[in-house]
Amino acid sequence: MQGCPTGVVLLTDRRVARRGLVDVVAGAVGGGVRWVVLREKDLPRAERLALAAELRAILAEAGGTLIVAGPDPLDGDAVHLPAAGPYPPPAVGLVGRSCHDTAELARLTTEHYATLSPVYETRTKPGYGPALRPTGLAALVKASPVPVLALGGIETTAQVTACVEAGATGVAVLGAIMRAQEPRETATTLGRAFEEAATRVARTHPARSDEGPHATGLRPTVPTEGSSLTARSGHGRPQPYTATGEDT
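FYI, in the working numbering the residues of the sequence shown are 105 to 352.
The set of hints was computed from the structure by calculation and includes no laboratory data. Beta carbons: idealized from backbone N, C-alpha and C, even for Gly.
Okay, the calculated beta carbon distance ranges per label pair:
1) Glu286 <-> Tyr191: 36 to 42 Å
2) Gly134 <-> Asp179: 22 to 28 Å
3) Gln285 <-> Ala150: 31 to 37 Å
4) Ala247 <-> Ala157: 33 to 39 Å
5) Arg307 <-> Ala262: 17 to 23 Å
Capping the alpha-carbon separation at 20 Å, the derived lysine to aspartate or glutamate pairs in DMTMM-like fashion look like this:
6) Lys246 <-> Glu208
7) Lys145 <-> Asp127
8) Lys145 <-> Asp176
9) Lys246 <-> Asp205
Given only the sequences and the hints, what does the whole structure look like? Please build it.
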């Protein structure tokens, strides 16, 4: 396994997408997204498998990675698991886990990264929370043994910046890109905000050697060639207490 998700990480939801899901993902990848989490867990496995293959082909051209929500990697090598399980995690190349508090972070074992949510109120799951806000996110990032992606209600450049300043190594975005008139432009704008914030944080607050693995997660630039998992992986959104919504 090489590398964990960073930058703008796109979570899919065909039900809120303004156009066809494949077209939205292609636009986001054109705008710089290199990590996509395939949700769509209500689809029959055969349909989801075909969709995963189609998205992997798009990501492969850009050196990106697909992560699949749930324990089934759909012929790939990367999964994102809900907080409720399964435990232990499957033995695949990249494993993420949805977390929402210190107790869930403490249960992490062989996972490579975690999502923390909801950072902000989210239109995808109205009433879900309470929101961590950047202050709560920062506190949980410090408690996390692995790099963290901020998730939930992240739609603006200011929110992206706040999450990076709180210590997130990436921001997981659903509605902001799925609902966008121009997914490519939105992905580019949010990605630029991440890159600028990460560069500034790296210059002003270099990680100390005693801060643990998550402290080195902030990178001065957003990777443009993805990771070695490329088209063989899959990633999902956090799904803490239910099987639907902005979590995986």
